[in-house]
Amino acid sequence: GIQVEQSPPDLILQEGANSTLRCNFSDSVNNLQWFHQNPWGQLINLFYIPSGTKQNGRLSATTVATERYSLLYISSSQTTDSGVYFCAVEPYTGGFKTIFGAGTRLFVKA
Amino acid sequence: NAGVTQTPKFRVLKTGQSMTLLCAQDMNHEYMYWYRQDPGMGLRLIHYSVGEGTTAKGEVPDGYNVSRLKKQNFLLGLESAAPSQTSVYFCASRDGTGNYGYTFGSGTRLTVV
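Read top to bottom, the protein sequences are chains A and B. Here the first sequence is numbered in the working numbering, starting from -17 and rising by one per residue. Here the second sequence is numbered in the working numbering, starting from 80 and rising by one per residue.
One or more hints might be untrue.
Cβ pair distances, simulated, as ranges [what the hints assert, rightly or not]:
no.	chain 1	residue 1	chain 2	residue 2	range
1	A	TRP22	B	GLU109	43 to 53 Å
2	B	LYS150	A	ASP(-8)	39 to 49 Å
3	B	GLU138	A	SER(-11)	15 to 25 Å
4	B	MET98	A	TYR51	33 to 43 Å
5	B	VAL139	A	TYR74	19 to 29 Å
6	B	LYS93	A	THR2	41 to 51 Å
7	A	THR61	B	GLY82	44 to 54 Å
8	A	ASN0	B	ARG188	31 to 41 Å
9	B	ASN152	A	ASP(-8)	33 to 43 Å
10	B	GLY130	A	GLN60	13 to 23 Å
11	B	GLU109	A	SER33	20 to 30 Å
Hints in this document: simulated from the structure, not taken from any laboratory. By construction, the Cβ of each residue, glycine as well, lies at the ideal position given by its N, Cα and C atoms.
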């Protein structure tokens, strides 16, 4: 099956710093999503981005489907950005299954 | 508009007991999913449904059964619980015709002793 790899696995930032999270996937995909899981366990959809670039406030994402990777940019990080960021892909031949990466755990220090 | 509601939020079972987790969505979404999340790991797909009356296996279906008798509800059953099924279970739904973003429920924390 498709492999989804996220890097780095852990990241510690000082408040106000910028960061880039990466998601690599091993096969063609129909769609790709980025999620944030807050420290209380709630999962929030950040972006649905099978290709191209999207921005939402301090967050932006870019997916280059032909090269099988996606990037999530966090600018001017805040303590509320802490949590785990997951990349999830629906393989082109997956039959509506969505497969998650292992996540990047982010801690933003005040 | 409640979104995706999971019940119960917490449960402790003894090995061999059975239970059903309920997921209800009020967004008229076609697709519904059950995932499990183990400590420090990502989410793994158990079963999913692409419409009322349909179900399909995901990555880790063994030990679980599901039913989608009504479009708004997706039930996950454990017939004989095992300690390996201790996990946090998440339900998600999405619109199959346009916006493919998932909406997740708040999760069910299940402990099997």
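Cross-check of the supplied hints:
no.: 1; hint: A:TRP22 x B:GLU109: 43 to 53 Å; verdict: 29 Å, violated
no.: 2; hint: B:LYS150 x A:ASP(-8): 39 to 49 Å; verdict: 40 Å, holds
no.: 3; hint: B:GLU138 x A:SER(-11): 15 to 25 Å; verdict: 22 Å, holds
no.: 4; hint: B:MET98 x A:TYR51: 33 to 43 Å; verdict: 40 Å, holds
no.: 5; hint: B:VAL139 x A:TYR74: 19 to 29 Å; verdict: 22 Å, holds
no.: 6; hint: B:LYS93 x A:THR2: 41 to 51 Å; verdict: 47 Å, holds
no.: 7; hint: A:THR61 x B:GLY82: 44 to 54 Å; verdict: 26 Å, violated
no.: 8; hint: A:ASN0 x B:ARG188: 31 to 41 Å; verdict: 34 Å, holds
no.: 9; hint: B:ASN152 x A:ASP(-8): 33 to 43 Å; verdict: 38 Å, holds
no.: 10; hint: B:GLY130 x A:GLN60: 13 to 23 Å; verdict: 40 Å, violated
no.: 11; hint: B:GLU109 x A:SER33: 20 to 30 Å; verdict: 23 Å, holds
The structure fails hints 1, 7 and 10 (numbered hints given earlier, in ascending order).
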